[in-house]
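*Asks:* Okay, here's what each chain looks like letter by letter:
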Amino acid sequence: MSTTRTDTVAAPRRFPLREVILFVVLLAAVLGVYGMMGSAYSTRMLVEASCYAILALGLTIQWGYAGQFNAGVMGFVALGGFCAMFFSVPVNDAFWDSSLPGELGVVLAYIVGAAVVVFGASRLDRIGVPKKLRTVITVVLAVVLYLVVISAFRGVADQIESQAGFIGGLGLPAWVGWIVGGALAGGVGYFIGHICLGLRSDYLAIATIGIAEIIKAFLKNSDWLTRGTATVSPLPWPVPGPAEVGFTLARAMYLSVTAVMIAAIFFLLHRAYHAPWGRMIRAIRDNEISSAAMGKDINKRRLEIFVLGCILMGIGGAVLASFNSLFDPQGYLPLNHTFLVLVMVILGGPGNNLGTIFGAVAVYIIWLMSEPLALFLMELAVHFGESTFGWDAPASMDSRALQARVFVIGLLITLVLRFAPKGLLPEKTKHVD
Amino acid sequence: MNELVFFINNVVIAGCVAGSIYAIGAVGVTLIFSIMRFAHFAHGDMMTFGAFMVLLLTTLFPQAGAAIGIPTPLIMLPFAMALTAVLAVGIDRAFYKPLRAHGVKPIVMVIASLGVTLMLQGLIRLFAGTGGESLYVDDRKEIFRIPLPIEGVRVPVVITEPQIYLFALTLISVVALHFFLSRSRLGKAMRAMSDNPALAQASGINTNTIVAVTWVIAGGLAAIAGTLLSLDVTFKPDLSFFLLLPIFAAAIVGGVGHPYGAIAGGFVVGFAETLAVFNWGILLRPFRDSLPEWLAQAGNLAFVGTEYKIVVPFFILVAILVWRPTGIFKGKVI
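Residue numbers (this note's numbering), protein chains in the order written: chain A, 187 to 619; chain B, 37 to 370.
Keep in mind that the hints were calculated from the coordinates and are not lab data.
Misleading hints may appear alongside valid ones.
To be verified - Per the computed footprint, the stretches of chain B lying under chain A, defined by three or more beta-carbons under 8 Å from a beta-carbon of chain A, are:
# : segment
1 : 139–147
2 : 152–159
3 : 162–172
4 : 273–281
5 : 346–353
Ideal placement from N, C-alpha and C gives every residue a C-beta, glycine not left out.
Work the whole structure out from these sequences, hints included.
*Replies:* This is the structure in structure tokens:
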């Protein structure tokens, strides 16, 4: 007796010619980079590409599996990076030895207390207070308590900044921060998804762009928590660092950690995709009404997959920040951390995990190599302009040349959507006759 | 009374400035939404493009304004509007029209418009650099200080020249838009198409013309908003990401697809922003002696610091999506 059912959704087995060719080309490109730039640089590139692959897997389950467009990947990446920093940086004794932790605790207790009071006020109608009066009481209480609490909080935050710099980390291993980073990103994703997923898909894009900018503004301006623009470094690694075993070996060990993570995520996603759960998710994406008629709870499933994607983004962001050994809130840019990931997913193949990983590595190589290329082309243009027209080139040429990459990423997005909407490795679907 | 004048300067005038700019931007977004049914994320960059065109023309002909007596950038504004309108129609032909012809989902159009955003941003920064520049190349920014004829008031009401032009131009464009939508044949056709595209097409309205006209209006309005914002502060190539959220919040607050709602929404968001960053402690100062100790001691009573200004439109957006997703004026499409 066989208990396995035939999968009517996955494509029939055939020799994966397209995949093999693309991955051989990718391998050749990686080897080419190794030959040109040396092994230390190239291994760093591979580690960063693998971190981006985790982010891209997060986006591919949101966009590819469920058709939700998250335009705020940057925010979840930054949250993960913050957690990696907060949990792994050594304990700041100047803060913990002073009276400041107690004061901070008191203020945090005030905040919790105020939240409880406001929540209680919003339930006053249960004991017979008219609803309009309840709303007025709640709003007034919320405004007054908020002003008082935030004022007290500012005072403590200023004291922490002037006396101890920032509150420091917890001195725990890096992986604790990675896990909590994923959980925190998932929590924020739950909040956003809960509000937006029942509405038009455009609203999710707007709200995620907004939350990403807010998270960045918060991390950048909360000097007491993150040192803001002063940045925190170095962040400890979960493997021996470059100082102990040399750059190439240390990075190769880090690469093995990320590779294991990707393999695990890939395996779990693969199982989920072919499981009943995955079929249900795709059914909802392709036809909401019919899946609702089949009794599926659409909003709940959507929320599930959105949170799952956000968790992966948080983990990826944490791993990336640990690897860079630097937490710089200003370094989180929509271009590098949202749109680059988007290009990886739509170019590689949304909904196809293998295609997404291919897209992540390929696009990251192109992205890194385009920097020297852009500078070279710009220099050529300036040289040509000077010799032919006597054109006086502006001084900020280098920073401007890099803007050309913004243009190229934008062009790539529009062209892929127009000419290859399913990506280089399309999602395989079998059509049952 | 000095505190009250401070309030007028920092909240009433600043709120009107921000509100006008958000309103003009949100009208464009909401028109595009009602005709083409997608959220146009490249709107902020069309605004930047318009301002950049003004900057370019003003640098080329810095003396043009002196001959007539108004600042040069304002003379260049109509040309910049025309150029931005051409750009908007061109972008539509090159990038959005093929996708529409394929019948893609609206969210794919949103992603395409994000691609267009990046392209415009890259081009503008490539040519304009990344720093800020003043649009007043050869002219001087007049600042009017109006003292109030009340006993004991030492602080004057401060208003600048570009702000006066801003209010005037906002009023003119809103009135012109109203007459266009309610009186002209094209405007009525636009409203018909926003109500029911299939029926509009069946009754002989050329939908391609309507789409083009929508882009021309949206582009022109975007150029006005961008230029006025840059006149008030400075021209910065990376304005757009900070404008996107308030503008979309304004459009959604007013009810998507509802031009008058968008104007109201723009002012709601603009005033909410300035009210939230205003230090309310200043208004309490005259009553300091009669207040309880803990309230009088609280130094800064602003809701959010200026660095967290972007939280305000987001909070408004979340609140409206939770309680009334159709917006205060009941937009047609959600």
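*Asks:* Please go over all the hints and tell whether each is borne out by the structure.
*Replies:* Outcome of the hint check:
1. Given a C-beta distance limit of less than 8 Å, the hint that chain A covers the segment 139–147 of chain B holds, as 7 residues qualify and 3 suffice.
2. Counting residues of the segment 152–159 of chain B whose CB lies closer than 8 Å to any CB of chain A gives 8, which reaches the minimum of 3, so the coverage claim holds.
3. Taking a C-beta to C-beta cut-off of 8 Å, the segment 162–172 of chain B contributes 4 residues in contact with chain A, enough for the three needed, and the coverage statement holds.
4. Note: the segment 273–281 of chain B has 4 residues with beta-carbon separation from chain A under 8 Å; the three-residue rule is met and the coverage holds.
5. For the segment 346–353 of chain B, the stated coverage by chain A holds: 5 residues have a C-beta nearer than 8 Å to a C-beta of that chain, and at least 3 were required.
The structure is consistent with each of the numbered hints, conforming to all of them.
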